[in-house]
Amino acid sequence: MIRSITQQKPEEELEELLNGVNRIFIVGCGTCVTMTRTGGEPEVVAMREKLSASGKMVTGHVTVPVACDNLTGEITEEYGEQIEQADTLLIMTCAFGVQTIAGQLRKMVVPALDTLFIGKETAHGEFNEICTQCGTCIIGETGGVCPVTACHKGLVNGPCGGTDQGRCEIDKDKACAWTKIYNRLDELGRLDSMRKLQKPRNYLGEPSPGKLVMNG
Amino acid sequence: MVSSFKEALESGKFVVTCEVAPPKGINLEKTKHHIEFLKDKVDAMNLTDHQSSVMRYPSLGAAIMVKELGGEPILQMTCRDRNRLALQADLLCAASKGIHNVLCLTGDSVMLGDHKEAKGVFDLDSSQLVAAMRLLEKGKDLGGNELDGAPAFCAGAIVTPEANPIDPQLIKFEKKIDAGAEFIQTQAVYDMPKLKSFMDYAKQFPVKILAGIILLTSAPMARFMNKNIAGVNVPQELVDEMASAPKGRAMETGIEIAGRMIKQIHDENICDGVHIMAIGKEEVVPDIMSAAGLT
Ligand code: SF4
Numbered sequence: 444m445i446r447s448i449t450q451q452k453p454e455e456e457l458e459e460l461l462n463g464v465n466r467i468f469i470v471g472c473g474t475c476v477t478m479t480r481t482g483g484e485p486e487v488v489a490m491r492e493k494l495s496a497s498g499k500m501v502t503g504h505v506t507v508p509v510a511c512d513n514l515t516g517e518i519t520e521e522y523g524e525q526i527e528q529a530d531t532l533l534i535m536t537c538a539f540g541v542q543t544i545a546g547q548l549r550k551m552v553v554p555a556l557d558t559l560f561i562g563k564e565t566a567h568g569e570f571n572e573i574c575t576q577c578g579t580c581i582i583g584e585t586g587g588v589c590p591v592t593a594c595h596k597g598l599v600n601g602p603c604g605g606t607d608q609g610r611c612e613i614d615k616d617k618a619c620a621w622t623k624i625y626n627r628l629d630e631l632g633r634l635d636s637m638r639k640l641q642k643p644r645n646y647l648g649e650p651s652p653g654k655l656v657m658n659g
Numbered sequence: 011m012v013s014s015f016k017e018a019l020e021s022g023k024f025v026v027t028c029e030v031a032p033p034k035g036i037n038l039e040k041t042k043h044h045i046e047f048l049k050d051k052v053d054a055m056n057l058t059d060h061q062s063s064v065m066r067y068p069s070l071g072a073a074i075m076v077k078e079l080g081g082e083p084i085l086q087m088t089c090r091d092r093n094r095l096a097l098q099a100d101l102l103c104a105a106s107k108g109i110h111n112v113l114c115l116t117g118d119s120v121m122l123g124d125h126k127e128a129k130g131v132f133d134l135d136s137s138q139l140v141a142a143m144r145l146l147e148k149g150k151d152l153g154g155n156e157l158d159g160a161p162a163f164c165a166g167a168i169v170t171p172e173a174n175p176i177d178p179q180l181i182k183f184e185k186k187i188d189a190g191a192e193f194i195q196t197q198a199v200y201d202m203p204k205l206k207s208f209m210d211y212a213k214q215f216p217v218k219i220l221a222g223i224i225l226l227t228s229a230p231m232a233r234f235m236n237k238n239i240a241g242v243n244v245p246q247e248l249v250d251e252m253a254s255a256p257k258g259r260a261m262e263t264g265i266e267i268a269g270r271m272i273k274q275i276h277d278e279n280i281c282d283g284v285h286i287m288a289i290g291k292e293e294v295v296p297d298i299m300s301a302a303g304l305t
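Top to bottom, those sequences are chains C and S.
Everything in the first sequence is counted per the numbering used here, starting at 444 for the first residue and increasing by one.
Everything in the second sequence is counted per the numbering used here, starting at 11 for the first residue and increasing by one.
For the record, the hints were derived by calculation from the structure and aren't laboratory data.
Keep in mind the model is a prediction, meaning the values are calculated, not measured.
Virtual Cβ for every residue (Gly too), placed ideally from N, Cα, C.
Among the hints, erroneous ones may be present.
[Unchecked claim] Straight-line Cα separation of at most 30 Å, DSSO-like style, residue types lysine-lysine; simulated pairs:
no., chain 1, residue 1, chain 2, residue 2
1, S, LYS150, S, LYS51
2, S, LYS51, C, LYS615
3, S, LYS51, C, LYS452
[As the list claims (entries may be wrong)] Listing some non-contacts, in silico: residues in chain C with all C-beta distances to chain S over 10 Å:
no., residue
4, VAL505
5, VAL599
6, PRO602
7, GLU612
8, ARG633
9, MET637
10, LEU640
11, GLN641
12, GLY648
13, LEU655
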């Protein structure tokens, strides 16, 4: 299943964001951030303890099931008073959750996490970015491996000169997308597809911010 | 002929190019000195474009200097820092200043340089940049619009003959030639048998190939390249040869090795020429050439 992959912000950054903020309500999420252990119930509790130890007042906390869904009436009712007492909401969800909550509650929000990418758990504890949602899908010619996402430079005509033993020039832990694409196409007997000179990419697929209105 | 470099390529002579790095800052004295010192000794000189993603004086500015000083520039252009509008605009500017030789590169990641947090552009890739040059020559831009005055170029690109894996690299190499590359300057090669086998394959294509030679300045420098530069592989014998150089004489050994390789490439007719990268030691380029028996 596709997930929002997050990482906790560096401590100093969070301290700075919470500088001058005394009363805090913390929100976690039971879905993606629970899986990545960045904003599930245990992390929310640990955060509460850390903040209390540093002299902040935590008015309350909740781990909602799916933070990118609108908050249910039950949650706003049950925690309404604690939320009201806080000057700031510290949100331990991905940026989708932060924005959904910010749009519903009239409070300043501070994200406790950075949202890194939309990806998949490809092995236990390992997450990889799969699609950057560019709006002009070209993987029909690359054997189903996306060079826009998986190549650090988003190259569409083959590898740069930086490939080293099939790894990317920026990080030996990252596979070179073009080694993968080559191997895939070779296996399928379709290297002809890689030989075709691809035109410059079309960035007009869906100009950001994306918006789709369905007719009828 | 669009440029004297192109003329040299087509004359069938053994072509020699070298590299000059623009300064970090606006003190142009050293660059000017290198250009004046080398301009009549080589067929053309490359001006590097924020090499290794380190911000410097622009390659276009330095290529204009070469032109003004009476030399023959090869403008290096990477796709890392400019989108297609800026790349085409700089190509027009270059041609209007009499700079016609352009080497197209993808460019290293910004993460490897001195502005690690910058945005890498890569709107075009190196093969598309070659194609864009050929299109501009026809009086059209990438948006399909007519130009008022079309430029002319001698288009070049690079290849890494020791890339690992090599096959995807060779497909890209062929695409650059299909897109219209007339010359290729290779990444540094030290292993002659490997260069020969690459050339056995590459000779079938209508393109001139200049073998890249990076001057070895010390054994640690050779080891550093082996460890950190993808596609550069200094064989152990050469590392040992550098290490056994008498104290203070490593540079001489490096010059001797470079000269020896160039001589072999020349005498055995392996490539159409060489591209000498002396990285900061430009003043020894003539010594390398004489060690190779070229002067
Ligand atoms: S090494 Fe491979 S994945 Fe990395 S930038 Fe180059 S082509 Fe893309």
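Checklist entry - Out of the numbered hints, which ones does the structure contradict? => result Of the numbered hints, 1, 2, 3, 5, 6, 7, 9, 10, 11 do not hold.
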